[in-house]
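K.L.:
Residue numbers (our numbering), protein chains in the order written: chain A, 374 to 822; chain B, 374 to 822.
None of these hints come from the bench; they were simulated from the model.
It is possible that part of the hints are untrue.
Straight line, CA to CA, 20 Å or less: simulated DMTMM-like cross-link-like pairs of lysine to aspartate or glutamate [claimed, not checked]: (1) B:713 / A:722; (2) B:816 / A:722; (3) A:816 / B:664; (4) B:607 / B:589; (5) B:816 / A:420; (6) A:710 / B:720; (7) A:710 / B:589; (8) B:710 / A:532.
Below, each chain spelled out in residue letters.
2 protein chains.
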Amino acid sequence: MYRWLKLDYLRPAQLIVLFYVGATLISVCLLSLPFALKEGVHWSFVDVLFTAVSAISVTGLSVISTVDTFSTAGIFILMFILQFGGIGIMTLGTFFWLMIGKKIGLRERQLISTDQNQTHMSGLVRLMKQILTLIITIELIGALVLGTYFLKYFDTWQEAYLQGLFASVSATTNAGFDITGQSLIPFAQDYFVQTINIILLTLGAIGFPVLIEVKEFLKKRQTSIPFRFSLYTKLTSVTFFSLMFGGALLIFLLELPHFFADKAWHESLFYSLFQSSTTRNGGLATMDVSEFTIPTLLVICLLMFIGASPSSVGGGIRTTTFAVIVLLIIAFARGQKSIKVFKREIDEEDVRKSVVVTFLAMFICFVAFIILTATEPFSFMQIAFEISSAFGTTGLSMGITSDLSTVGKIVIIALMFIGRIGILSFIFLFHIKEKDTHYRYPKERIIVG
Amino acid sequence: MYRWLKLDYLRPAQLIVLFYVGATLISVCLLSLPFALKEGVHWSFVDVLFTAVSAISVTGLSVISTVDTFSTAGIFILMFILQFGGIGIMTLGTFFWLMIGKKIGLRERQLISTDQNQTHMSGLVRLMKQILTLIITIELIGALVLGTYFLKYFDTWQEAYLQGLFASVSATTNAGFDITGQSLIPFAQDYFVQTINIILLTLGAIGFPVLIEVKEFLKKRQTSIPFRFSLYTKLTSVTFFSLMFGGALLIFLLELPHFFADKAWHESLFYSLFQSSTTRNGGLATMDVSEFTIPTLLVICLLMFIGASPSSVGGGIRTTTFAVIVLLIIAFARGQKSIKVFKREIDEEDVRKSVVVTFLAMFICFVAFIILTATEPFSFMQIAFEISSAFGTTGLSMGITSDLSTVGKIVIIALMFIGRIGILSFIFLFHIKEKDTHYRYPKERIIVG
Ligand SMILES: [K+]
Ligand SMILES: [K+]
Chain A
374 MYRWLKLDYL
384 RPAQLIVLFY
394 VGATLISVCL
404 LSLPFALKEG
414 VHWSFVDVLF
424 TAVSAISVTG
434 LSVISTVDTF
444 STAGIFILMF
454 ILQFGGIGIM
464 TLGTFFWLMI
474 GKKIGLRERQ
484 LISTDQNQTH
494 MSGLVRLMKQ
504 ILTLIITIEL
514 IGALVLGTYF
524 LKYFDTWQEA
534 YLQGLFASVS
544 ATTNAGFDIT
554 GQSLIPFAQD
564 YFVQTINIIL
574 LTLGAIGFPV
584 LIEVKEFLKK
594 RQTSIPFRFS
604 LYTKLTSVTF
614 FSLMFGGALL
624 IFLLELPHFF
634 ADKAWHESLF
644 YSLFQSSTTR
654 NGGLATMDVS
664 EFTIPTLLVI
674 CLLMFIGASP
684 SSVGGGIRTT
694 TFAVIVLLII
704 AFARGQKSIK
714 VFKREIDEED
724 VRKSVVVTFL
734 AMFICFVAFI
744 ILTATEPFSF
754 MQIAFEISSA
764 FGTTGLSMGI
774 TSDLSTVGKI
784 VIIALMFIGR
794 IGILSFIFLF
804 HIKEKDTHYR
814 YPKERIIVG
Chain B
374 MYRWLKLDYL
384 RPAQLIVLFY
394 VGATLISVCL
404 LSLPFALKEG
414 VHWSFVDVLF
424 TAVSAISVTG
434 LSVISTVDTF
444 STAGIFILMF
454 ILQFGGIGIM
464 TLGTFFWLMI
474 GKKIGLRERQ
484 LISTDQNQTH
494 MSGLVRLMKQ
504 ILTLIITIEL
514 IGALVLGTYF
524 LKYFDTWQEA
534 YLQGLFASVS
544 ATTNAGFDIT
554 GQSLIPFAQD
564 YFVQTINIIL
574 LTLGAIGFPV
584 LIEVKEFLKK
594 RQTSIPFRFS
604 LYTKLTSVTF
614 FSLMFGGALL
624 IFLLELPHFF
634 ADKAWHESLF
644 YSLFQSSTTR
654 NGGLATMDVS
664 EFTIPTLLVI
674 CLLMFIGASP
684 SSVGGGIRTT
694 TFAVIVLLII
704 AFARGQKSIK
714 VFKREIDEED
724 VRKSVVVTFL
734 AMFICFVAFI
744 ILTATEPFSF
754 MQIAFEISSA
764 FGTTGLSMGI
774 TSDLSTVGKI
784 VIIALMFIGR
794 IGILSFIFLF
804 HIKEKDTHYR
814 YPKERIIVG
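Extracted from the complex, chain A is given alone in its bound form (with noise of 0.2 Å):
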C-alpha cells in the first residue's frame, strides 16, 4: 500500500482545483498539437484555453466549430479529455462523500481504504477504477447500440462507429460536445436515438453515489439481507427525475401554442423531453433553441442554473442544494425548526451550505451578467442563457459562444471553470481559517423581512 500522499494535509478544495487548473494547462497543450488540428486551422490562445475549460469542464459551450477544427486524430484527444474530465469530477466528488460520510454502510466505505482514520491516495485510486469501468462499461454499451443504430445514417462504418462512439461519450460524460456539426438536430424525429441520449445522460448526471446504491441494492434483493438508500440518493433521485420531468411538462405547456402549434403530440412530447433532460446536463439539443419563446428560456436558464447532481459529471448549484431551499422554505411555512423528509432530518450545516452556495452562485452570476451586458452587444435573454449554461457547465446556447468578445470569453470560461469546481470548494479556496469561535455574545433579536 503507497501511502506517499496523505490527503489530510491537502484540503479537498485545493485539491480539486489543483486538479482542474494542472487537466486544464495539459488540455490545452494537448489540444495544440499540430496534427490535433485539421489542415489550415489556426486558432488563437483565447480560443483555445475556451475549448480546453469548455471539454474539460465538460460543458460543451463552443467558440469553433468541433467537426472542421479537429482532424480524427484530435476528435479522440478531445474524447480523452471529457472522459478525463467527467471521471475526475466523478471521481473526487464521490470520494470526498466518503470520506464525509461516517455514517454510511461498511462496504461503501471499504471503496476507500482507511485506517486509523487516514484516508489515502491509494483509496483515491482504488474508487477512480472503479468508476472508470462503469462509466467506460455503460459508454462502449452506449457507442455499440448507436454505432449499429448508425450504419443506416452514414456511409462507412468507420464513420457510423465513430459517430456512435463520440455520441455516446459526450452524452455519458453530458460534454454536450457534437461531430454532426449540428448537435443531435439531425435526429429530431429519430425517438431510438433520443431515447439512448437520455438513458446515457442519466446515468452520467445522477450522481455515482446513487449508481453504487442502486447497484448494492440488485444485488442484495437476491439475498434476505435488508437494504436501505441513503438520505443523499433518495433526495438526489427525487429531484433530479422531479425537474426532468416537471422541467419538460412546462415546457411543454408554454410552447403548445407556440413552437408546438403545428407538431403532433409525440414530436412535441420528445422536444420537451430531450429540451428538459439535457439541462439536467447534457447540453445537446434536438433542436435551435432560440425557437423557443421568452418565458420557456428564462425556465430553461432556472433549469441550467439548477444543474446535475452532486458527485456527478454536471455543474450548477446541483440537485441537493435546489431540493434543501426548497424544504426550508416549506418548513418555514409550516412553521417547523427542523427540515424533516424521508424520516431523516437534514443537519443544519448541510442547511447553511445550500443557502451560502445558492446566494453566492446568484451573486457570481449577476455580476457576470453586468459584465456581459457592458461588453458584449447581445439581448438580455442571449447573456442570461449563455450565462446560466456556463455556470451550469450545460453548454446549451442561443447561438452567441463564437461571437464574444475576449473580455466575454473570459467571463465564460471562469464561470465554466467555477461551475465545474463548485461554490464550495471556490469557498474555502479563499477560506481563512480562524480559530473556531469558543466565545459566544449574547443573543439579541432584530427585525427582518
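Given the structure of chain A, go ahead and fit chain B with the ligands onto it with the hints provided.
P.N.:
Chain B with the ligands in isolation, oriented as in the chain A frame:
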C-alpha cells in the same frame, strides 16, 4: 382603557393584510369621488386600483399623470392616503418589533401597554399617535422650508406652499408621487432642494425604531445614564448608509465615462447621491433614469430590491435581511457557526427568516418577470426595472408604467402589495398551523453544492 380587541387573537400577519386590504378599498372609493378629479377626466377601474395600491403602499408608480388627473381636492385626498399608508405600516411594523422584543429597554416597552403579557389595541393606538406626531412634525418643517424656498420658483404663495407641502409629504412618506409632472427633474441643478429631500427620504426610510432610539440617546446624553443602541438599530443604520453611499459610488464610477462624461464633478456627485438615495425608497428622481447605461440600471434594480429598513415606510426585502445574508456568507467562509456582529449574535430564527424571505422574494419576482416578458412588448431591462421598483415599493420607472397591459398592471399591483405587506406576512397568511414537531428523526448528512 379599551381592550375590545385582543391582538393575541388576531395574528400579526393577518392584521397587516386586513389593514392594507381595507385601506386599499377605502382609497379606491376616495379616488373615485367626482370632485377629486379634474373636469373631463375619466379612468378605468384598473387604473383607479393601480393608483390606490401605489398610493397606499407608498410606491409611487403611476399609470396616470397626477397633476393632470387630480383637482386640488384630489391632491389633498392623495396626500391623506400617502400619509395613512406610510404611517400605517410604520406603526404596525414597529408594534410587532416591540411585541417580540422581550429584551429591549423598558422605556421602549412602555410605548405599548402590556399587562400579563397581553398586548392590547390601546398600545397600538398610543404608538400610532407617537409616530403620527413625529412624522407630521417632520413633514411640516419640511413643507415650511421647501414652501418658503419655492416662493422663488412659483408665481403665487399658495402654489409654492402647496408644492412644498406635497413634496415634503411625498418625500417623508417615501411615496414618490409628484405634482410637478416630472418628479424632481426641474430641481436637477438645485442642490438645496435635493439635500432637503434626501434628509426627508432618510428620516422616513430609516425606520421608526431607529428614530425612537436616537431621540432616547439625545435625551440621555444630557444625563449621565449610559445608553446602548439596540443591535437592530446598529445593523439597519450601517446597512442603510452603506447601501446609500456604496450605491452612489458605484453609480458614479459606472457612469463616469457615459452620463457623467460632460458633467461637472458636483453635478455628477449629486446625480449619483440622489439616485442612490432614492432607491432606499423614495422613488423620486432628478433625471430620466433611462439615460443611465445597462450596468448602472442593474445595480439600481438590486438596490431597489433590497429596499428600506423594516418598520419604515419602505418595501423590498429590507436592509436587515440583506445584511444578515451578507454576514451569513462571511461567517460561513470564515468557518464560524454563528453570526457575530457588534458584539452580539444573531438569532438562528432571524437567519432562517432572512434566507426564506430573500428566496421567496426572488422567486416571486422571477415569476412576475416570466409573466411580463410574455404579456408586455418592452425590453428585459425595462421589465426588470419595473418589477424591482414595484416589489421594493420604490416607484422609479423607465417610463413603461402607463403603457402596461391590464395583465401587466395587475402583476405590478400584486408586487406592490406584497412588497408593502412584506414577504413574512405573505408567508404567514398561508401558514398552516401544525402541531409543532416534538418527534425527531435521526440526522443524516447529504452532499450539496
Ligand atoms: K454539458
Ligand atoms: K416609494
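K.L.:
What are the numbers of the hints the structure violates, in ascending order?
P.N.:
3, 5, 7 and 8
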